[in-house]
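Working from the sequences, and respecting the hints, build out all of it.
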Amino acid sequence: MALLTRAPKAEPILGQNRVVAHLLALLTWIIGLLFFFPLFWLVLNGFKDEADANASPKLFFEPTLDRFSEVTEDNQGLLSFTEAFGNSFWIVLISTTLVMALAIPAAYALAIRPMRKWRDVLFFFISTKFLPIVGAIMPIWIIARDLDLLGTRTVLVVLYTAMNLPLAVWMLRSFFAEVPKELIEAAQIDGCSLMGQIRQVILPIVAPGLAATALLCVIFAWNEFFLAVQLNPAGASTMPVWVNSQQKFQGQFLAGLSAASVLATFPVVIAGWVAQKRMIRGLAMGAIK
Amino acid sequence: MSTAVTDRTDTSSATSRADEVKRLERREGWKRRLPILPALIFTILVTQIPFLFTLFYSLTNWRLDTPDPREFVGLENYGALPDDKFFRDAAWVSVQMTVMAVLFSLIVGTLLAVLLDRKFFGQGFVRTLLITPFLVMPVVAGFMWKTQMFNSTFGVINWFINLFGFESIEFATRYPLASVVVVLVWQWSPFMMLIVLAGLQGQDQSVLEAARVDGATSFGIFRQITFPQLRPFLELGTLLGAIYLIQVYDHIEVIVGGQPGAKNLPFYIAQRSIGGGNRFGLASSYSIIVVIASIIIANIGLRVLSNLLEDDS
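Protein chains in written order, with the working numbering: chain A, 119 to 407; chain B, 650 to 962.
No lab work stands behind these hints: they were computed from the structure.
Note that the structure is predicted; figures quoted are calculated from it, not measured.
Please note: incorrect hints may appear among the correct ones.
Claimed, not checked - Once the Cα atoms are required to be at most 25 Å apart in a straight line, the calculated BS3-like pairs of lysine-lysine come out as:
| no. | chain 1 | residue 1 | chain 2 | residue 2 |
| --- | --- | --- | --- | --- |
| 1 | B | Lys768 | A | Lys299 |
| 2 | B | Lys768 | A | Lys395 |
| 3 | A | Lys247 | A | Lys235 |
| 4 | A | Lys299 | A | Lys176 |
| 5 | A | Lys235 | A | Lys299 |
| 6 | A | Lys235 | B | Lys680 |
Listed below in structure tokens is the structure:
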């Protein structure tokens, strides 16, 4: 059972009674497990036979890896697993690299060397996030069609870069703002070049923030479906489109679809678990500081 | 962009150092703005210019499926909106979906944050479990709830309902809107939880301690100290949640597909234009309505954010 270690500083909001504390810990555990249950069930179904999955819910069954090999080897459809994974990998990698390349200088300029009206510039970046993508999807589709970019990876790279850029500038600015001004001034006066300042003073402080920001961009780009399915629905498309295509119109597909979902979801879920602390801080700080 | 600053100065006096920095900054002038330009130009090109095109399309009767030339029709598309049943339905779904999803995720997220904001065995592990839904690909979230939770024969929820002797319900077809909202709340509560948690953990402990010494009850402390401090965080969660949730598409596509009952404006816009409807002029006028709604939300939200930034500096 839950061992209550007394909080060193943060006193909990809800009562200080020991019994209450134990019950609340238990409740939190139960809710946590309930929130995770649908995913647990998904993984379980991925290891089932179609017959076991397409039946009343079963907890015990003979696990098999066959569904995983079936969905990864199947290339009957418009998009095979290998293609989708490769496309997703390159699109996410290139767009995230571009986002960071564009956002780092901008965030740096906004945070460390504040200019007049920096708030307006920052608000402009955030405000582009407020423009729903449907407000621009038709012209984007037309332009992509006229440039022969429909159904290519390029169109998704460009759009994912634009999609993540405001968020990245926003988060990175808060990380850069944490660098003590005195440190930079001291380096400047000691004759340190701009590159030197960046490499020796700023980078070590902001590196975790950069990683968290990049990771968040990776997650959003990897999971994006609307643009992918509208602008690039076939052979050059990404993992979400591939998962969606595993819903078959005939026959049983539930276990196969589950296996496909596990393959599509877990790369970013695991990455998110590993980096959760930094990401949480980045999101919260980006928002507040 | 390596501007070598080679000037040497007398570092003994703090004032002359400050003067020197100021002078250097002034000399660098507009160079300081240069690093922002690439991001700014890219953002304007990809997100702002297309929007102007949408505005233009919305004033025309453009259809892609007929050879008729594109004609300027002024505000005709907008004038027809109040009588357009499809538009009205989709707009109403948008409002209900956004409001319910934001409100419920905020409530659930706050409760989770309060529960998590105390030391207990396995705290980190439970937090990991709780943030996981936010990381799940929306397509997968929609699909797994539809086929493995809501489904009338294979669904876990219906299995439970049957245990208590009730009839199975095919949730996704019977209650499409509620089904989508449940999945959205499942994914967005963790996000709200993170924001509220940041607020809770940023509290000034000495103030709380002082209140406790003065004999305040836990509930009194929450109502009078914690809640007012949490308010900006709750407002921020509402704003960010509303901006994303007004645009929901993936969940609807997967959970209800083409069925009526849960098509929001973005879904309907895509369907009527690039999704095969080809009515670019009309659909553009829908888009502009969504944009205006977002701008209203954003304006309220930006005022909140701007207060936060004022406090910071």
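The hints, checked one at a time:
no.: 1; hint: Lys768/B x Lys299/A; result: violated (35 Å)
no.: 2; hint: Lys768/B x Lys395/A; result: holds (16 Å)
no.: 3; hint: Lys247/A x Lys235/A; result: holds (19 Å)
no.: 4; hint: Lys299/A x Lys176/A; result: violated (60 Å)
no.: 5; hint: Lys235/A x Lys299/A; result: holds (19 Å)
no.: 6; hint: Lys235/A x Lys680/B; result: holds (15 Å)
Violation of the numbered hints given earlier is confined to hints 1, 4; the remaining hints are satisfied by the structure.
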